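> So the chains spell out like this:
Number of protein chains: 2
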Amino acid sequence: MVELSVVGILAGLDDAALADVERHINRKTFSSGAQIIEPESDSSDVYLILSGKVRIVNYSVSGREITLEEIGAGGCVGHLSAIDGEPRSACVLAVNNTDVAIVSPANFEKIVKNHPSVAWNVIHELARIVRTSTRRIVDVSTLGANERVVAEILRCAQTEITDDGSALLSPVPVHSDIAGRVSTSRETVARVMGTLARKGLVNKIETGLHVPDVRRLEEFLSESIH
Amino acid sequence: MVELSVVGILAGLDDAALADVERHINRKTFSSGAQIIEPESDSSDVYLILSGKVRIVNYSVSGREITLEEIGAGGCVGHLSAIDGEPRSACVLAVNNTDVAIVSPANFEKIVKNHPSVAWNVIHELARIVRTSTRRIVDVSTLGANERVVAEILRCAQTEITDDGSALLSPVPVHSDIAGRVSTSRETVARVMGTLARKGLVNKIETGLHVPDVRRLEEFLSESIH
Chain S
1 MVELSVVGIL AGLDDAALAD VERHINRKTF SSGAQIIEPE SDSSDVYLIL SGKVRIVNYS
61 VSGREITLEE IGAGGCVGHL SAIDGEPRSA CVLAVNNTDV AIVSPANFEK IVKNHPSVAW
121 NVIHELARIV RTSTRRIVDV STLGANERVV AEILRCAQTE ITDDGSALLS PVPVHSDIAG
181 RVSTSRETVA RVMGTLARKG LVNKIETGLH VPDVRRLEEF LSESIH
Chain G
1 MVELSVVGIL AGLDDAALAD VERHINRKTF SSGAQIIEPE SDSSDVYLIL SGKVRIVNYS
61 VSGREITLEE IGAGGCVGHL SAIDGEPRSA CVLAVNNTDV AIVSPANFEK IVKNHPSVAW
121 NVIHELARIV RTSTRRIVDV STLGANERVV AEILRCAQTE ITDDGSALLS PVPVHSDIAG
181 RVSTSRETVA RVMGTLARKG LVNKIETGLH VPDVRRLEEF LSESIH
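Heads up: the protein sequence lines correspond to chains S and G, in order.
The opening position of the first sequence corresponds to residue 1 in the UniProt record's numbering, with each subsequent residue numbered one higher.
The opening position of the second sequence corresponds to residue 1 in the UniProt record's numbering, with each subsequent residue numbered one higher.
Honestly, the hints are just simulated from the structure, not real lab data.
Check the hints yourself; a few may be wrong.
[Stated by the list, open to error] Taking beta-carbon pairs under 10 Å as the criterion, some of the chain G residues facing chain S (in silico):
no. : residue
1   : I56
2   : I66
3   : V112
4   : V122
5   : I137
[What the hints assert, rightly or not] Sample of chain S residues facing chain G (criterion: CB under 8 Å; computed from the structure):
no. : residue
6   : R64
7   : I66
8   : D84
9   : S89
10  : A119
11  : W120
12  : V122
13  : I129
14  : V130
15  : R131
16  : T134
17  : V138
The structure displayed is predicted, hence computed values, not measured ones.
The C-beta atom is built at its ideal place from N, Cα and C for all residues, glycine as well.
So that you can see chain S by itself, here it is in the shape it has in the complex (with noise of 0.2 Å):
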């Protein structure tokens, strides 16, 4: 059984308060592909990611998925509604095998009100997605399509980058998941992956998607643009 100290928003917890916390939380398993939180339910449940990955989407008007956000093990999903009472603002299903810890809202509210360390972490968790979310608007606002699929591959290549200048994406991103986070079709990212390709900015190899000199898509990027 995965321990609930590999949760970011409990971390600083010690032994007896996560012990508090196992009490009031109920553990299930979602199989890969399955609905953990729905649209339209009147649940403000909260989901600790134990084990797994999920995938926080919404979907337009005309039906197409947006992605949010994928979030692995440790992670936390489905916190807006019992922060706010409002209803859910996306559904999130389970990428792969997903283990999680469900907290109701009263509880969650209880935890961060007890541990003034649970609600600093908290508190970081939502600063983080303002600031992810803030970065989507700009791009989406000013940058078209091609662009922002550059500018995504590079963001990834940045927090991989090596003393060399070099990254290597592991395991290759896939084409759908990168469409889906900056609002693109899947043949416009097999495209701009091509021309990167041919240019030698990215190498699919064994291992993953090597970037070869971040620096160089950075300039590729900023002249696409201007």
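Based on these hints, arrange chain G on the given structure of chain S.
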């Protein structure tokens, strides 16, 4: 002198706690148009808005201004950097003459950690921003510029709707403000507002922009999309 009790995130603090916060702030007044937070600055101070109004803006690489939000008296800006220590994510301008209370990042963290009700208020406020941002990401990813303008007017009307199904937006929304909020040009907003007026969906009257039937505006948007 405006009391700190107007500030939303300080709601629930008793007089003694407010007096303690008062000892840890600096008051400052910015005149209309002044820059309150510069994106390049090293400061991580938090600004509590006591009176007036500020605009949070971001600039695209090509210099276009994207309005993220406008915040009036009682609001709070600049807390992201105080929370995560990262650089400023946007700049903040005074729209009107604006009185603020400035809190250092260390004091902000102390206030949040010492007062569970303040922590919960901050969590609430961040959750609100996440919801607004999510809606905007979905809008800008899936709606055309014309539909985004209508959706924005509709959202304003829905918050002001009266028993007879009409709404009054007062003062009349400024075209360039709407343009910034939905990531389009002022010209597009002017064109769409003209269409809405010709169809009788909105009327400019002395006291503001009158929406005689919010439900009809909703139907108009939903027909434009499908």
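> Measuring from the C-beta of S/V130 to each C-beta in chain G, is the shortest one below 8 Å?
5 Å, holds
> For the restraint on G/I66, tell me whether the closest CB of chain S is nearer than 10 Å.
5 Å, holds
> So, as I understand it, the hint says S/I129 touches chain G; can you test that by seeing if any CB pair is closer than 8 Å?
With Cβ-Cβ at 5 Å, under 8 Å, it holds.
> With a cut-off of 8 Å on the beta carbons, see whether S/T134 makes it to chain G.
Hint holds; S/T134 Cβ to chain G Cβ min 5 Å, cut 8 Å.
> Answer holds if the nearest beta-carbon of chain G is closer than 8 Å to that of S/V122; otherwise answer violated.
This hint holds: S/V122 lies near chain G, its Cβ roughly 6 Å from the closest one there, short of 8 Å.
> Identify whether the interface hint at S/I66 stands, where standing means a beta carbon of chain G within less than 8 Å of its own.
5 Å, holds
> Report holds or violated for the interface hint on S/R64, using the least CB-CB distance to chain G and a cut-off of 8 Å.
6 Å, holds
> With a cut-off of 8 Å on the beta carbons, see whether S/D84 makes it to chain G.
Holds: closest Cβ of chain G sits about 5 Å from S/D84, inside 8 Å.
> Minimum Cβ distance from G/I137 to chain S below 10 Å?
OK, holds: G/I137 within 10 Å of chain S, min 6 Å.
> Would the hint on G/V122 stand, with a C-beta cut-off of 10 Å toward chain S?
6 Å, holds
> Holds or violated: S/V138 as interface residue toward chain G, Cβ cutoff 8 Å?
5 Å, holds
> Any CB of chain G closer than 8 Å to the CB of S/A119?
4 Å, holds
Checked against the numbered hints above, the structure violates none of them.
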